[in-house]
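Visitor: Under this note's numbering, read the sequence shown as residues 1 to 306, first letter to last.
You may find that some hints are simply not true.
[To be verified] With a straight-line Cα cutoff of 16 Å, these simulated EDC-like cross-link-like pairs (lysine to aspartate or glutamate) come out:
1) K306 to E72
2) K2 to E181
3) K45 to D35
4) K121 to D144
5) K105 to E115
6) K306 to D144
7) K45 to E286
8) K45 to D283
Keep in mind that the hints were calculated from the coordinates and are not lab data.
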Amino acid sequence: MKFNNPLMLVAIAKADAFGSAAEYLTLPRDMSVRDECLTFHGYIKHPTHGICAGTYTDDTEMSIANARVLIEYNSPYTPLMFADAYVTEFNRGGRRNGYARNFQKFLEGINSGEEFLRLIKPYSMRNGAAMRSVPLGVLRSIDDVFAVAELQASITHRTREGIFSSRAVALMSHFTLYCTEPMNLLGAYCLEYLGSEDVSAYGHMFQSRWPEDLRVHEEPYGCTALTTVHAVFDLLTHQNSLMNMLRQAILWGGDVDSVAAITWGIASARYSHEVLPVFMERDLEEGNPVTGVCYLTNIGTRLMNK
């Protein structure tokens, strides 16, 4: 590994917690909220979601769960390992709000990974599989990266779009950890290693910019799994700092926290020395040692060490 990144999960959590305040804002009604976000003076509360300022969401919690599977088990991994981790982390984190409404209700009604696998309807084309795939980039070989990305995606997103989005995010993460090439070569790397079917269907997003006038959401440009991958790729290859990536994600709008969390999780390996606003670490999870920076750093360090 060329760029060891023990703060990967901390970066994901910071971007997730900050970006959640700007998620799916309605403009011009919420213009003042967006403008306040763009000052970067502190975590703020979303105008309607009811989540405390500085609290991370499912993007981080499910990334933690995937990381814990890689730490606590060895290959071959199984769907039950991941399903157990999703249920365990949801309960360990206090059954927090911030998950998609129907998925939150689903998790609240089950008690085990076995129940999860038996009852889940795994055909989503949204970005839930992609948002938890950044830690999978630590795996040493690209074949392993793809195999585990597809396995964990199939648990909840057994669709072509869902599986592709997980593979793409995990591959971009692997690039920043294991390769020394500059970020402007990321597109060529993805086109080289993604399968021919994926390149034929989705390769355009590694060769073009995200349309500036579109929010990152489902319509009119495609399902959220695909729009998220395209937006993340654009940020990674056309912005020169973590803060600029976050700023642009807020300006685009839509699923800001997922786009920002994935981007920061991937990019933080290359921008580890960037000085970020002090509040982002100090106020994350209100400084809670059970869920906050200490816990996330511990998980990230164990992941990189293994």
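Visitor: Look at each hint and say if it fits the structure.
Guide: For each hint, the structure was consulted:
no., hint, verdict
1, K306 to E72, "holds (10 Å)"
2, K2 to E181, "holds (11 Å)"
3, K45 to D35, "holds (13 Å)"
4, K121 to D144, "violated (26 Å)"
5, K105 to E115, "holds (14 Å)"
6, K306 to D144, "holds (15 Å)"
7, K45 to E286, "holds (13 Å)"
8, K45 to D283, "holds (13 Å)"
Consistency with the previously given hints fails for number 4 only.
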